[in-house]
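2 protein chains.
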Amino acid sequence: MSSTTTNPRSPHRVVIIGSGFGGLFAARALRKARDVKITLVSATTHHLFQPLLYQVATGILSEGLIAPATREVLARQENVEVVFGKVTDIDLARRTVTAKALDETQTYDYDSLIVAAGAGQSYFGNDEFARHAPGMKSIDDALELRGRIFGVFELAELAAAAGRADDVRKLMTFVVVGAGPTGVEMAGQISELSRRTLRRDFRNIDPTSARIILLDAAPAVLSAFGDRLGNKATERLKKMGVEVELGAKVVGVDATGIEVEDAGGAHRRIDAICKVWAAGVSASPLGKQLAEQSGAQLDRAGRIKVEDDLTLPGHPEVFVVGDMISLKDYPGVAQLAIQGGRYAARAIRRRLSGEKPQGPFEYFDKGSMATISRFSAVASIGKLRFSGFVAWVLWLGVHLVYIIGFKSRVTTLLHWAVAFLGRARGERTSTEQQIFARLALERLGDDFTPSVNMGVREDQRDPA
Amino acid sequence: MSSTTTNPRSPHRVVIIGSGFGGLFAARALRKARDVKITLVSATTHHLFQPLLYQVATGILSEGLIAPATREVLARQENVEVVFGKVTDIDLARRTVTAKALDETQTYDYDSLIVAAGAGQSYFGNDEFARHAPGMKSIDDALELRGRIFGVFELAELAAAAGRADDVRKLMTFVVVGAGPTGVEMAGQISELSRRTLRRDFRNIDPTSARIILLDAAPAVLSAFGDRLGNKATERLKKMGVEVELGAKVVGVDATGIEVEDAGGAHRRIDAICKVWAAGVSASPLGKQLAEQSGAQLDRAGRIKVEDDLTLPGHPEVFVVGDMISLKDYPGVAQLAIQGGRYAARAIRRRLSGEKPQGPFEYFDKGSMATISRFSAVASIGKLRFSGFVAWVLWLGVHLVYIIGFKSRVTTLLHWAVAFLGRARGERTSTEQQIFARLALERLGDDFTPSVNMGVREDQRDPA
Numbered sequence: 001m002s003s004t005t006t007n008p009r010s011p012h013r014v015v016i017i018g019s020g021f022g023g024l025f026a027a028r029a030l031r032k033a034r035d036v037k038i039t040l041v042s043a044t045t046h047h048l049f050q051p052l053l054y055q056v057a058t059g060i061l062s063e064g065l066i067a068p069a070t071r072e073v074l075a076r077q078e079n080v081e082v083v084f085g086k087v088t089d090i091d092l093a094r095r096t097v098t099a100k101a102l103d104e105t106q107t108y109d110y111d112s113l114i115v116a117a118g119a120g121q122s123y124f125g126n127d128e129f130a131r132h133a134p135g136m137k138s139i140d141d142a143l144e145l146r147g148r149i150f151g152v153f154e155l156a157e158l159a160a161a162a163g164r165a166d167d168v169r170k171l172m173t174f175v176v177v178g179a180g181p182t183g184v185e186m187a188g189q190i191s192e193l194s195r196r197t198l199r200r201d202f203r204n205i206d207p208t209s210a211r212i213i214l215l216d217a218a219p220a221v222l223s224a225f226g227d228r229l230g231n232k233a234t235e236r237l238k239k240m241g242v243e244v245e246l247g248a249k250v251v252g253v254d255a256t257g258i259e260v261e262d263a264g265g266a267h268r269r270i271d272a273i274c275k276v277w278a279a280g281v282s283a284s285p286l287g288k289q290l291a292e293q294s295g296a297q298l299d300r301a302g303r304i305k306v307e308d309d310l311t312l313p314g315h316p317e318v319f320v321v322g323d324m325i326s327l328k329d330y331p332g333v334a335q336l337a338i339q340g341g342r343y344a345a346r347a348i349r350r351r352l353s354g355e356k357p358q359g360p361f362e363y364f365d366k367g368s369m370a371t372i373s374r375f376s377a378v379a380s381i382g383k384l385r386f387s388g389f390v391a392w393v394l395w396l397g398v399h400l401v402y403i404i405g406f407k408s409r410v411t412t413l414l415h416w417a418v419a420f421l422g423r424a425r426g427e428r429t430s431t432e433q434q435i436f437a438r439l440a441l442e443r444l445g446d447d448f449t450p451s452v453n454m455g456v457r458e459d460q461r462d463p464a
Numbered sequence: 001m002s003s004t005t006t007n008p009r010s011p012h013r014v015v016i017i018g019s020g021f022g023g024l025f026a027a028r029a030l031r032k033a034r035d036v037k038i039t040l041v042s043a044t045t046h047h048l049f050q051p052l053l054y055q056v057a058t059g060i061l062s063e064g065l066i067a068p069a070t071r072e073v074l075a076r077q078e079n080v081e082v083v084f085g086k087v088t089d090i091d092l093a094r095r096t097v098t099a100k101a102l103d104e105t106q107t108y109d110y111d112s113l114i115v116a117a118g119a120g121q122s123y124f125g126n127d128e129f130a131r132h133a134p135g136m137k138s139i140d141d142a143l144e145l146r147g148r149i150f151g152v153f154e155l156a157e158l159a160a161a162a163g164r165a166d167d168v169r170k171l172m173t174f175v176v177v178g179a180g181p182t183g184v185e186m187a188g189q190i191s192e193l194s195r196r197t198l199r200r201d202f203r204n205i206d207p208t209s210a211r212i213i214l215l216d217a218a219p220a221v222l223s224a225f226g227d228r229l230g231n232k233a234t235e236r237l238k239k240m241g242v243e244v245e246l247g248a249k250v251v252g253v254d255a256t257g258i259e260v261e262d263a264g265g266a267h268r269r270i271d272a273i274c275k276v277w278a279a280g281v282s283a284s285p286l287g288k289q290l291a292e293q294s295g296a297q298l299d300r301a302g303r304i305k306v307e308d309d310l311t312l313p314g315h316p317e318v319f320v321v322g323d324m325i326s327l328k329d330y331p332g333v334a335q336l337a338i339q340g341g342r343y344a345a346r347a348i349r350r351r352l353s354g355e356k357p358q359g360p361f362e363y364f365d366k367g368s369m370a371t372i373s374r375f376s377a378v379a380s381i382g383k384l385r386f387s388g389f390v391a392w393v394l395w396l397g398v399h400l401v402y403i404i405g406f407k408s409r410v411t412t413l414l415h416w417a418v419a420f421l422g423r424a425r426g427e428r429t430s431t432e433q434q435i436f437a438r439l440a441l442e443r444l445g446d447d448f449t450p451s452v453n454m455g456v457r458e459d460q461r462d463p464a
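Protein chains in written order, with full-length UniProt numbering: chain A, 1 to 464; chain H, 1 to 464.
Be a bit skeptical, because a hint or two may be false.
Copies of the same chain look alike in the list, so a pair counts if it fits in one copy or across any two.
Taking lysine to aspartate or glutamate pairs in the EDC-like style, the calculated list, with each CA pair at most 20 angstroms apart, reads [unchecked claim]:
no.	residue 1	residue 2
1	K100	D167
2	K239	E81
3	K86	E432
4	K288	E261
5	K37	D167
6	K170	D103
7	K328	D109
Bear in mind the hints are in silico, worked out from the structure with no lab data behind them.
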């Protein structure tokens, strides 16, 4: 159809699914693209800076600092429309995406599609663990855990005053499942909370005596960082009072503890009210839909084997980025999503301007980092390995660069200064809702149905 | 009983009920009292800086800034033990206080008691309004309202895209019931949100066209501030696009609107999804217990007619302070609680040291203030009346002084600088939980049971 002056050529419609690193950076990379109309659909109204989620869960940062409203971030980019809705269907033949917000259903046509729906927590087929051991994937998770972590100390104080030593022990035992970066960071922060932040706050319990157990079925801590840094991290964690138990597989989770199967096959129980699940991820179930319609293959974590230009086999108009892809063993980290989102955006721009396509997508490994405590981290950058203070300064710099917005950066820095130099945690407030959900869970066990969404989201359960 | 060297005289036991202004300032004023053992019992784990609650509800401040952990605030005061629990019973004859945290019940003996349990929202006998029109009394309320306020704009955007103009109108109409300081502040902030913060954020709706209605059954805005300031405030609100409707009594509240009876007796309906209740307060039901056991009188709001030294008639060992007292028409403001708490602490110290009692409690009116918008407030201090920018600067200074903790002050100032000079709101994140509670409430109406505690707490309902 030829264009006329009164009826200009209709713009190229790009639909982006997801407001995480992949989706947001794809949208931004299209900001100068003319004749493009972008619809960014997301099940949350915020962009989540997931690498700092553990700092919300442990009272260092407020949720607003790591989860700005997506439409605020993109407000001035006039070619983007941000839509609140959970994508339920992708139709590759009709080139439509259908999203739902309760009973409101909308369908969006696309010329190009970027799927960046990320991954949820995986309980490896044991979704019933979720209510007793929340994951670390969403703001809901982090606030739920914040309430639980500070809450068990409150309950322990009451139990100690009543002379119930056994309850005190259960309440002051924390189990973190999964010794990847998130698990290591959580265990380290819970240790700092108990050893520094809360040290003087109680009269009947000694918070510094809290047990913190970091468990993993694998034989190493931070296995992606290599032996040397894994050992450094383990050493540092042990100095902080964290018990590291490797080769320990979790086979049961209930209100008052977990069941562990050790490497030899023996079973044992750890009594603990507060459990954190930082063990596995499974890609968005949208991956399954894409695979079924395109014939693409899925790996065990539900990730799609994409072409080397991040497109879906047989569908050059559909890009998949971030945690949803299975390609050359690239790790599921923020940088993979950022680079993937930008690559997809560039590919669309080149097509529209008639340029020749880019070469295949190559993940540029900017390195991996994990903080263990204040002033101590491990970092792996290219062939270089850093640990201790140097790694921590690197961590600080890199995270400040990627936090969105000037004010968030300044405020975050201020919160960090106080949290790291002093002993206070500025964001430990629990709502009444959280306190009672928590209490009931602990006291009433399985008779209690939590009103709070804990752990995996329904749409992100392990596609067993 | 005479003391011996190995068995020193047992300390004077002070129980304080409540962690608000009254309870916290009473505890602090006893910090130098020797031979005093204080137990502060509270149903929340935080101290709430209630005058800034509206800033949490409208995304300016995080909850941590206005609700620090009570035990953190009092950590270094070694004569205080902070206990989490809701007081269910006071026994004046046995001198005991019983508190409950789910199924954990503890009883505390006292020699002196300070009751500072505050007030909850009152729906004037219509507690069923609460689920559709949350109050403004707790962190739960503020976070619930934050989710609703930002949420209706999201829903309006979807409804507008689908061409449902009628739904858009309902979603973009806000009703604030009660034209006291909290109502005025909420209406002013919702106006700023719609006119400034969200102005560029949407593509299908124009947020600046949102209707904001401030209703009161009384004939004046800010009646406690006098006619001149009330008129100034009304004028300013109208300039900001707030519709002020006086002599309008709310007789019904449901999921999609409210029923109003006007001064003439005529009924009319206002369609609005987002309603805020800032109308009435009723004192803690503990007042009723104290009255029944002591023969003291209660006023209509459930407040106790105390002696002029703030003690309960016939019980010189029991002090009642803050929102729970009815004395010489003193207003239910933070300063009354602070001064009452300090007065009670001083009285206890004087008794213990054998000094003669203080004179009767006299409330020193340091003035009242309400912000209307950035750079504009009204303030009444002694015989002086201020409005506009001067009043706003006073407001800023006074509130910074009373925020607890150096970091909170610095951070709050930074948040304010950004919110007032720019247009951003740093804390507008909604959890999935909040979004779905909200959506369901709107869509499913009365078939839906909210999982979030909305409005009045069960223990603080209007004692009809």
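Verification of the supplied hints:
no., hint, in the structure
1, K100 - D167, "between (44 angstroms within a copy, 17 angstroms between copies)"
2, K239 - E81, "neither (50 angstroms within a copy, 31 angstroms between copies)"
3, K86 - E432, "between (29 angstroms within a copy, 11 angstroms between copies)"
4, K288 - E261, "neither (31 angstroms within a copy, 56 angstroms between copies)"
5, K37 - D167, "neither (58 angstroms within a copy, 26 angstroms between copies)"
6, K170 - D103, "between (43 angstroms within a copy, 17 angstroms between copies)"
7, K328 - D109, "neither (31 angstroms within a copy, 68 angstroms between copies)"
Checked against the numbered hints listed earlier, the structure breaks hints 2, 4, 5 and 7; every other hint is satisfied.
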